[in-house]
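Novice: Please model the complete structure; the sequences and the hints are all you need to start from.
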Amino acid sequence: MANNDYTILLPTDGSYPAIAATVRAVELARDRKARIYILKVVESVAAAGMEKIAEDSALMRTAGIDGVAYAKDLAAKANVLTEVVYREGAVVGEIIKAATEFKADIIVMGSSTIKGIPGLYLGSVSRGVIKEAPCDVVVVKLTEEEMKKAVQLAHDIAAALKAPPPAKFDISDITKSKKFRVGTILLAIYGFTYAIFISVAVYSIFIKFHGSETPIFSIRTLNMNVGLVFGFAVIFLAIIMAVLFNWYAGRSEKKSGGN
Amino acid sequence: MATYSFQPIAFGLFVVFVGITIAISIYASRRVRTAGHYYVAGGGVKWFVNGIAFAGDYLSAASFLGIAGLIAFSGYDGFIYAIGFLAGWVIALFLIAEPLRKIGKYTFGDALAAKFKDRRVRLVASISAIVVSVFYLIPQMVGAGSIVQPLLGLSYEVGVLIVGLIVVLIVATAGMVSTTWVQFIKGFLLIFAALALTIGVLLMAGFGPVQFIGHFVQNPAVTVPTTHGNVTYPGDVFMSPGVKYKDPWDFASLALALFLGTAALPHILIRYYTVPKPSDARKSTVVAIVAIGAFYVLVLFLGLGANFFGTLDPTNQNLAAPLLAQYVGGEWFFALISSIAFATILGTVSGLIMAASGAIAHDIYTEYFGRRGDDKKTLRVSKITAIAVGLVAIALGIVMKGQNVAFLVGLAFAVAASANLPALLCMLFWKKATSQGIIAGIIVGLTLSIGLIIVSPTFMGTTGQAWFSLQNPGIVSIPASFAVTIGVSLATQKKKNGVKNEEASSTG
Chain F
1 MANNDYTILL PTDGSYPAIA ATVRAVELAR DRKARIYILK VVESVAAAGM
51 EKIAEDSALM RTAGIDGVAY AKDLAAKANV LTEVVYREGA VVGEIIKAAT
101 EFKADIIVMG SSTIKGIPGL YLGSVSRGVI KEAPCDVVVV KLTEEEMKKA
151 VQLAHDIAAA LKAPPPAKFD ISDITKSKKF RVGTILLAIY GFTYAIFISV
201 AVYSIFIKFH GSETPIFSIR TLNMNVGLVF GFAVIFLAII MAVLFNWYAG
251 RSEKKSGGN
Chain W
1 MATYSFQPIA FGLFVVFVGI TIAISIYASR RVRTAGHYYV AGGGVKWFVN
51 GIAFAGDYLS AASFLGIAGL IAFSGYDGFI YAIGFLAGWV IALFLIAEPL
101 RKIGKYTFGD ALAAKFKDRR VRLVASISAI VVSVFYLIPQ MVGAGSIVQP
151 LLGLSYEVGV LIVGLIVVLI VATAGMVSTT WVQFIKGFLL IFAALALTIG
201 VLLMAGFGPV QFIGHFVQNP AVTVPTTHGN VTYPGDVFMS PGVKYKDPWD
251 FASLALALFL GTAALPHILI RYYTVPKPSD ARKSTVVAIV AIGAFYVLVL
301 FLGLGANFFG TLDPTNQNLA APLLAQYVGG EWFFALISSI AFATILGTVS
351 GLIMAASGAI AHDIYTEYFG RRGDDKKTLR VSKITAIAVG LVAIALGIVM
401 KGQNVAFLVG LAFAVAASAN LPALLCMLFW KKATSQGIIA GIIVGLTLSI
451 GLIIVSPTFM GTTGQAWFSL QNPGIVSIPA SFAVTIGVSL ATQKKKNGVK
501 NEEASSTG
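Chains as they are written, first to last, in my numbering: chain F, 1 to 259; chain W, 1 to 508.
Quick list of the computed label-pair ranges, beta carbon to beta carbon:
id, chain 1, residue 1, chain 2, residue 2, range
1, W, Gly-153, F, Lys-178, 56 to 66 Å
2, F, Ala-195, W, Lys-246, 20 to 30 Å
3, F, Lys-77, W, Phe-207, 57 to 67 Å
4, W, Lys-376, F, Ile-189, 46 to 56 Å
5, W, Val-15, F, Val-42, 28 to 38 Å
6, W, Lys-246, F, Lys-178, 42 to 52 Å
7, W, Gln-218, F, Ala-233, 12 to 22 Å
8, F, Tyr-248, W, Lys-246, 34 to 44 Å
9, F, Ser-212, W, Pro-314, 30 to 40 Å
10, W, Trp-430, F, Val-182, 19 to 29 Å
11, W, Leu-154, F, Gly-250, 47 to 57 Å
12, W, Gly-153, F, Ile-240, 37 to 47 Å
13, F, Gly-89, W, Val-399, 52 to 62 Å
14, W, Lys-244, F, Ser-212, 21 to 31 Å
The calculated lysine-lysine pairs, modelled on PhoX-like cross-linking and capped at a C-alpha distance of 20 Å, are:
id, chain 1, residue 1, chain 2, residue 2
15, W, Lys-277, F, Lys-72
16, W, Lys-277, F, Lys-255
17, F, Lys-208, W, Lys-244
18, F, Lys-208, W, Lys-246
19, F, Lys-77, W, Lys-277
20, W, Lys-432, F, Lys-176
21, W, Lys-277, F, Lys-176
22, W, Lys-431, F, Lys-176
23, W, Lys-46, F, Lys-254
Keep in mind that the hints were calculated from the coordinates and are not lab data. Ideal Cβ placement from N, Cα and C applies to all residues, glycine included.
Specialist: Below, the structure is given as structure tokens:
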């Protein structure tokens with residue numbers, strides 16, 4: 001992971017500004033092949049004073065979604081490595097601590113805004129971080145259009161998390177694939193072998209109690225008897241078929257580029 | 001060898017095992033925040049871990065203790081159980097694994113509901129899952145009680161209670177996450193234990209593997225102790241079918257149930273939803289087949305080894321493997337093998353309780369009755385259900401004291417194959433299947449297989465008195481269930497035409 005030297009710290013609380021910051025951070029990480037530490041600070045009781053709560057609700061700071069899930073999702077789509085960090089304490093202090101701890105090269109964060117309109121008000125948290133940070137700090141301001149897109153995406157994710165789309169019954173890509181046909185043939189071969197094995201065993205029991213000749217399974221062969229050799233063959237056939245099939249299916253998946 | 005005392009080393013190791021297990025559960029519980037985590041570990045289990053967990057889920061007390069004992073006492077007839085138990089996995093691999101992962105979310109009921117858009121299918125399927133799981137739970141609990149007794153010097157009832165409570169703790173704290181890890185660890189330990197024991201047996205006997213089996217075949221008199229004194233068989237007879245199974249049809253019925261039952265067991269099916277992709281479902285099945293197949297080859301040596309060294313207790317066949325360990329490796333090895341046997345039961349019982357509580361909480365409560373609350377509430381309901389199922393299992397385990405473990409498992413396979421397999425296969429691969437056909441098939445399979453068990457010699461006394469002469473109902477109830485599913489589906493075609501077209505258009 002030598003190319004992950006560049007480290008971005010992304011504090012998020014699921015608010016609109018944080019979502020804006022997430023969009024920027026992921027773009028930046030993709031361009032610089034950086035790793036993102038997603039930081040979610042749960043405020044300790046002392047810090048969450050009445051004033052803070054009032055401010056949050058007045059500024060409509062919550063987008064009503066899980067900021068961490070959103071960031072992970074967005075990063076995964078851009079093939080960016082992430083790590084999630086949960087901290088408890090005062091927000092500014094924890095952001096600074098995390099930046100120091102992970103040797104962050106840059107902190108990307110949002111600033112308090114009134115819903116959807118960036119740039120009106122620089123929040124107390126971002127001010128605090130800028131003052132104390134051990135590294136560069138980017139306070140994100142998206143254009144109105146960018147913000148709309150991000151918010152739409154956030155709502156889509158929130159909706160997806162709340163009500164998963166109705167499951168569609170469609171397995172035709174599997175059942176029509178060549179590997180599935182190969183599997184069916186292998187199953188038929190195995191089922192046939194097992195059926196013969198059981199039939200001979202059944203016949204062998206029948207002879208033992210009703211016949212006079214030697215039961216087939218007791219005939220000696222290879223230092224053992226027919227029953228044991230046949231039994232081992234049925235076990236090993238299952239193992240060999242499974243491994244070969246897996247090799248074949250894996251190869252055909254690579255060829256078709258999907259699964 | 002008939003009396004057993006408290007074994008301090010075994011007890012100590014047992015406590016360590018349980019301690020580790022519970023620690024894992026509590027650690028894992030921090031990651032369980034949603035119902036998805038709880039039921040299927042968020043669908044994020046790696047395929048290799050899932051494969052070994054499959055083995056840990058599947059190789060129950062009946063496999064480790066039961067089959068080893070059966071081979072030690074009945075020779076080849078025990079080995080046939082091993083072959084049949086593995087054979088069913090081939091169906092799971094080639095037909096079920098990938099398609100099932102593609103559809104559905106938590107349970108087999110989801111898949112059915114997705115295809116038929118009929119709530120009743122889900123209800124019937126979930127009831128069937130609960131019944132099969134409980135059927136499978138009984139022998140596990142009976143097994144738990146009957147090995148705790150001799151190994152720890154505790155009474156049967158206390159044994160059932162201990163295992164039940166530990167499992168409820170594992171399942172209720174972290175659901176599928178902790179269950180997966182417990183099964184993964186146990187799967188590894190079990191294969192390791194069987195390998196170590198086999199090597200010990202061969203070294204002490206001074207034979208190569210083939211030579212060792214050859215020794216039994218050529219032995220003029222293989223001795224088997226019974227409660228009425230020793231019985232001897234010529235090696236040729238002991239090492240071919242017919243020592244235990246006298247009725248060829250009964251044997252055929254068992255063989256069919258084992259082959260078709262595996263892929264229809266709810267606690268196996270639920271594990272297909274724990275991996276991210278269909279290809280992972282396939283890979284983990286392959287890992288499971290290799291691990292389980294290797295185990296069943298080794299178990300032959302354990303059974304024969306127990307017979308070879310005479311470490312047999314005719315009053316408790318299930319102890320053949322632990323007693324062999326004592327003979328081969330002394331007290332410590334005995335303690336280790338016994339603790340692994342406990343872990344084995346914990347892993348399987350956890351999986352079964354997950355399957356049953358998933359069916360109740362997800363299929364019936366959330367989906368059928370439409371109580372779709374927030375995740376916290378769903379999670380709470382699931383946990384309460386798991387505790388309730390666990391308590392029912394404890395009660396049944398105590399009531400069913402004295403039943404034969406491997407035999408009960410064979411019955412559970414027959415019920416699973418009859419009730420679930422026709423529904424599963426017709427749902428996946430038959431375009432003309434209708435919800436009425438599936439419902440009728442499940443109901444007939446379930447009631448017929450259980451009904452035949454009730455009127456079989458097992459419950460009605462000797463063969464002459466019983467209405468149904470076979471012990472295992474599979475050979476009658478499985479084809480009947482297929483016939484009903486297909487017949488009713490064909491009879492209800494016209495009504496379903498609209499839905500069929502809709503389906504055809506949604507494909508592609």
